[in-house]
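Make a model of the complete structure from these sequences and hints.
Protein chains in written order, with this note's numbering: chain A, 197 to 985; chain B, 104 to 264; chain C, 12 to 161.
Keep in mind that the hints were calculated from the coordinates and are not lab data.
Note that the structure is predicted; figures quoted are calculated from it, not measured.
All C-beta atoms, glycine included, are put in the ideal place defined by N, C-alpha and C.
Incorrect hints may have been included.
[Unchecked claim] Taking beta-carbon pairs under 10 Å as the criterion, some of the chain C residues facing chain A (in silico):
hint	residue
1	VAL46
2	ALA99
3	ALA129
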Amino acid sequence: MSDQIKDLNPAKECRAMGKSIKRREDARFVQGRGTYVDDIELPKMLHMAIVHSPYAHALIKGIDTAEALKVPGVKAIITAKDLAGFNLDWIPTLAGDKQMVLATDRVMYQYQEVAAVFAETRAQAVDAAQLVEVDYEPLEVVADPFKAREDKVILRTDREKKTNHIFNWNVGDREATDKALAEAEVRVKQKAYYPRVHASPLEPCAIVADMNTATGRLTLYLTSQAPHAHRTVVSLVTGIPESNIRIVSPDIGGGFGNKVPVYPGYVCAAAGTIVLGVPVKWVATRTESMTTDSFARDFHMEAEIGATKEGKVTALKVTTVADHGAFDAAADPSKYPAGLFSICTGSYDFPTAFTEVDAYYTNKTPGGVAYRCSFRVTEASYMIERAMDTAARELNMDPAEFRFKNFIQKEQFPYNSPLGWTYDSGDYETTFKVALEKVGYEELRKEQAEKRAKGEIMGIGISTFTEIVGAGPSKDFDILGIKMFDGAEIRIHPTGSVIVRAGTKSQGQGHETTWAQIVAEELGLDVDKILVEEGDTDTAPYGLGTYASRSTPTAGGALALGARRIREKAKRIAAHLLEVSADDIEWEDYKFQIKGVPSKSVTTQDCAFAAYTNPAPGDEPGLETTYYYDPPNLTFPHGAYICVVDIDKSTGEVKVRRFVAIDDCGTIINPMIVEGQVHGGLAEGFAMAFMQEIVYDEEGNHLNTNYTDYLIPTAYEVPKFETGNTVTPSPHHPIGAKGVGESPTVGSPAAYVNAVIDALSPYGVSEIDMPISREKVFSKLRAAGVEAF
Amino acid sequence: MEITLNVNGQEHKVDVEPRTLLVYALRENCGLKGAHVGCDSSSCGVCTVVLDGKIPVKSCTMFAVQAEGHEITTIEGLGGGANLHPLQKAFHEQHGLQCGYCTPAMIMSSYALLQHNPDPSEDDIRRGLSGNLCRCTGYMNIVKAVQQAAADMRQPAEAAD
Amino acid sequence: MKLNYDGQEQINADYDAVWAFINNPEKVAKCLPDVEKLEITGDKSFTAHVKVGVGPVRGRFKFDVGLEPDAENNKMNVNLRGGGLGTAIDLTAGANIAQQQEQTQLDWQGEAVVRGPAATVGARVLDRKARELITHVFAEVKRNIDEEQA
Chain A
197 MSDQIKDLNP AKECRAMGKS IKRREDARFV QGRGTYVDDI ELPKMLHMAI
247 VHSPYAHALI KGIDTAEALK VPGVKAIITA KDLAGFNLDW IPTLAGDKQM
297 VLATDRVMYQ YQEVAAVFAE TRAQAVDAAQ LVEVDYEPLE VVADPFKARE
347 DKVILRTDRE KKTNHIFNWN VGDREATDKA LAEAEVRVKQ KAYYPRVHAS
397 PLEPCAIVAD MNTATGRLTL YLTSQAPHAH RTVVSLVTGI PESNIRIVSP
447 DIGGGFGNKV PVYPGYVCAA AGTIVLGVPV KWVATRTESM TTDSFARDFH
497 MEAEIGATKE GKVTALKVTT VADHGAFDAA ADPSKYPAGL FSICTGSYDF
547 PTAFTEVDAY YTNKTPGGVA YRCSFRVTEA SYMIERAMDT AARELNMDPA
597 EFRFKNFIQK EQFPYNSPLG WTYDSGDYET TFKVALEKVG YEELRKEQAE
647 KRAKGEIMGI GISTFTEIVG AGPSKDFDIL GIKMFDGAEI RIHPTGSVIV
697 RAGTKSQGQG HETTWAQIVA EELGLDVDKI LVEEGDTDTA PYGLGTYASR
747 STPTAGGALA LGARRIREKA KRIAAHLLEV SADDIEWEDY KFQIKGVPSK
797 SVTTQDCAFA AYTNPAPGDE PGLETTYYYD PPNLTFPHGA YICVVDIDKS
847 TGEVKVRRFV AIDDCGTIIN PMIVEGQVHG GLAEGFAMAF MQEIVYDEEG
897 NHLNTNYTDY LIPTAYEVPK FETGNTVTPS PHHPIGAKGV GESPTVGSPA
947 AYVNAVIDAL SPYGVSEIDM PISREKVFSK LRAAGVEAF
Chain B
104 MEITLNVNGQ EHKVDVEPRT LLVYALRENC GLKGAHVGCD SSSCGVCTVV
154 LDGKIPVKSC TMFAVQAEGH EITTIEGLGG GANLHPLQKA FHEQHGLQCG
204 YCTPAMIMSS YALLQHNPDP SEDDIRRGLS GNLCRCTGYM NIVKAVQQAA
254 ADMRQPAEAA D
Chain C
12 MKLNYDGQEQ INADYDAVWA FINNPEKVAK CLPDVEKLEI TGDKSFTAHV
62 KVGVGPVRGR FKFDVGLEPD AENNKMNVNL RGGGLGTAID LTAGANIAQQ
112 QEQTQLDWQG EAVVRGPAAT VGARVLDRKA RELITHVFAE VKRNIDEEQA
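Printed below as a string of structure tokens:
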């Protein structure tokens with residue numbers, strides 16, 4: 197447990213912020229009484245199973261459902277033809293492209309959805325799905341973006357433009373950057389592939405769709421990280437008025453960006469209930485989840501750094517080829533097709549920079565979700581942190597020293613980056629120093645030198661990353677035109693207990709606790725009396741949901757400002773109760789008091805009771821508000837991570853000996869939860885660095901469709917973490933908080949990989965791509981002529 | 104076919120297909136939703152229940168019919184309300200859970216582990232729970248929770264000595 | 012996944028007898044194992060419904076088979092496409108036929124591409140099973156022709 201947490205007790209007094217208050221959502225989970233979508237059972241509910249394509253690219257010559265329809269319990273089977281009747285055969289993607297719901301005349305990737313079967317039991321539906329006969333005529337498969345780039349086979353025949361190129365997105369000054377690189381004393385190139393990965397929350401995507409034919413209301417119980425946005429999308433594609441759609445996102449078994457998109461399975465289930473008039477449940481199997489959920493990453497990057505001989509960076513250029521799969525379903529804000537990738541200058545003061553991303557269609561599962569990531573910041577951070585290490589090596593300089601030389605200085609904030617961002621605040625030097633001291637960097641380097649002399653292999657990897665989260669200011673950020681603000685509603689009951697509702701949706705982040713802490717702090721109330729509710733579009737105020745570490749930067753701001761607005765009204769009530777003018781009231785020590793007279797005071801609870809029993813003259817009764825917060829800027833959390841590895845030269849096994857993570861996420865609402873988030877993110881970073889990768893062969897066959905082949909680390913593989921914080925508040929956020937959920941996933945992969953390369957560098961190894969398997973390290977060692985024994 | 108399952112000391116007469124997996128019988132026939140389903144390959148462990156008081160079983164690897172004649176303990180049988188089991192309490196106190204999806208199974212595996220080994224080392228715990236995946240916590244606080252619960256559970260016995 | 016196989020059979024018959032046999036879809040179809048239903052769809056094609064059990068993949072597969080004789084080169088090409096249970100199999104096989112005194116030699120090689128759950132879930136058992144199957148087919152060709160001759 198980190199130092200901050202030890203001394204803190206659950207707050208019974210008013211001060212709620214900064215306390216490690218135990219989570220209020222835990223009680224139901226430890227008793228097995230959470231309610232996840234698959235736990236919901238409705239009368240007459242049917243189960244849906246999906247028929248998937250074994251081909252990655254093929255024409256569909258016919259679909260024969262006769263045998264399948266004979267299976268007992270089967271009520272209906274739908275194909276794209278049936279969906280076309282409802283104009284639901286194609287749906288818009290988050291990236292402004294469109295995607296098939298069920299394959300129309302062709303399949304574009306392996307395991308694409310071809311038909312949906314509705315039956316009385318799960319087993320009957322699956323049995324029948326296996327009997328649906330589809331006649332395919334295979335087409336040439338393009339499973340590689342570099343092959344796609346040649347445009348020899350055009351995949352999207354439905355599009356006007358006959359090319360596999362989706363977009364070129366570039367930022368920065370290309371000419372100036374090229375010139376600066378040409379003139380640079382030292383030029384360092386670094387290639388890096390960020391593998392295609394699957395976010396893999398343990399709860400697969402699921403839906404219970406329920407059309408009440410009597411009322412015309414469609415209720416969708418959905419694994420949704422963004423219920424309001426999903427309601428709007430459902431309304432737009434079905435034509436059902438938004439008021440007749442209710443989305444309930446109950447307990448969510450992990451999201452990590454995976455539950456942001458609208459998936460074909462959801463649409464089929466909704467179509468099923470609309471047609472059949474009874475509820476329909478669909479729970480993705482793990483294989484379905486692995487093969488049809490939106491993937492993440494799949495960025496082929498190349499960076500070039502220019503620097504002086506003394507080690508001062510002068511320019512950065514990063515070019516990327518992105519594999520988007522069969523449809524452009526990347527989950528990014530409209531104006532940013534490559535997300536926030538232009539944060540790739542990181543924590544360093546590059547005078548000039550340029551980056552461009554070219555995206556291509558391939559015969560692979562569509563996607564591009566931000567897996568525990570704020571829109572491609574993970575790829576950007578990995579690229580720059582890898583390249584900085586390579587540059588340091590090239591300059592024969594210690595990677596820590598090289599970073600100190602190039603950090604954006606504390607005084608430079610707000611800092612305008614060459615790629616157009618205004619960083620809100622940061623103190624990179626301090627955070628890095630804390631990390632170096634905690635890990636004992638000097639001693640470790642000495643130990644490493646001694647070990648190297650003995651032929652032992654040890655490495656130290658650094659990542660001093662900057663995040664960019666909290667989308668966002670609505671002037672720049674929208675999804676399908678919907679601005680990315682967030683809403684919060686606070687209702688104070690007469691007896692002073694509270695219900696808080698927000699447009700965000702916790703999937704494990706602990707909003708039921710932290711949201712209550714914010715409101716409790718602002719209003720001087722007891723956390724235990726504040727109920728937090730999210731996920732029901734009938735009751736929660738509009739908001740864009742929880743992903744990209746945006747909840748605290750957006751809804752957190754809405755809650756604080758909403759509470760302050762309530763405090764303004766409560767102040768008038770306090771003045772009424774204390775029989776003075778509102779100007780004579782001050783908020784002091786979590787109470788309203790007559791200025792300078794602490795004995796003459798009332799609490800928010802007193803004001804709440806009065807709001808319903810004795811309102812201030814001229815004021816509306818009641819004490820509640822809804823606040824929509826549109827942040828003026830993004831927030832820029834940062835951190836310094838140091839990883840120490842030992843490598844077994846016989847087997848190639850990499851053992852992470854230590855991992856120190858110092859995060860700066862601004863003001864901390866609940867240190868216990870922040871630490872928990874960091875642990876989880878570091879473990880997922882470890883997973884990507886060493887284990888996780890979706891692999892396709894050149895025929896477009898998905899080769900690891902479940903957890904026997906797609907490796908998720910267990911307690912036995914995941915290393916121990918040493919965490920800590922520095923606090924540099926965001927100057928513009930109402931409580932100075934920046935968001936933390938993703939920093940560790942964003943920052944840690946480079947630390948792990950840099951450690952391995954640092955370890956292997958005496959053997960001439962400068963490249964290794966994730967996931968770093970034992971086999972890869974073994975081969976590198978053998979290729980370098982290192983004897984196994 | 105009709106079978107009788109003994110779950111948490113209670114008999115459930117259920118009508119299942121021979122191929123029905125225990126996890127679905129528990130969830131859909133017995134109405135006990137604490138065991139979850141997370142994969143198709145018995146890899147994730149979120150369906151773990153305890154058989155005969157000490158054997159942790161991924162209930163998706165077992166047919167319901169095979170469970171007849173055994174005593175099955177699920178999270179619902181461990182403790183509840185004001186009487187939380189020390190493991191349930193420890194997972195809460197040590198922040199050993201986030202989304203909660205793996206939690207019931209993680210607790211049941213820990214329960215079985217502590218039946219065999221009341222004083223496990225960190226390594227024992229990490230090995231003992233290596234059949235259960237968690238995507239949220241990074242396992243750090245789960246290990247602490249099991250350590251806390253183990254100490255709590257040993258205490259009465261030690262006190263009686 | 013792509014699987015490659017090859018093998019050889021010595022058949023106790025002359026070239027013409029072997030050639031006639033392998034040009035007859037009905038006779039060739041009988042060499043497939045576990046055929047439950049057979050439809051001759053042309054003079055060089057047939058559809059076979061086959062019972063399959065490979066690891067977790069169990070059920071009925073449907074295969075469309077086409078025979079493509081290449082008399083000039085003394086070669087028979089066979090294309091098989093089909094599948095079931097969400098699995099697709101494409102197989103192309105070729106056999107060179109050469110008479111050697113009393114016997115006729117069949118040199119065959121085949122390439123199978125398997126897609127879907129069978130390729131991923133069953134990859135570990137599939138290769139051996141597929142080899143067994145394809146070897147079985149050619150062994151059956153030999154056995155049946157030998158029997159005809161006897």
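Here's how the hints hold up against the structure:
1. Hint status for VAL46 (chain C): violated, given a least beta-carbon distance of 18 Å to chain A, over 10 Å.
2. A cut of 10 Å between beta carbons decides the hint on ALA99 (chain C): the least distance to chain A is about 4 Å, and the hint holds.
3. A hinted interface residue such as ALA129 (chain C) counts as satisfied when its beta carbon comes closer than 10 Å to some beta carbon of chain A; here the least separation is about 8 Å, so the hint holds.
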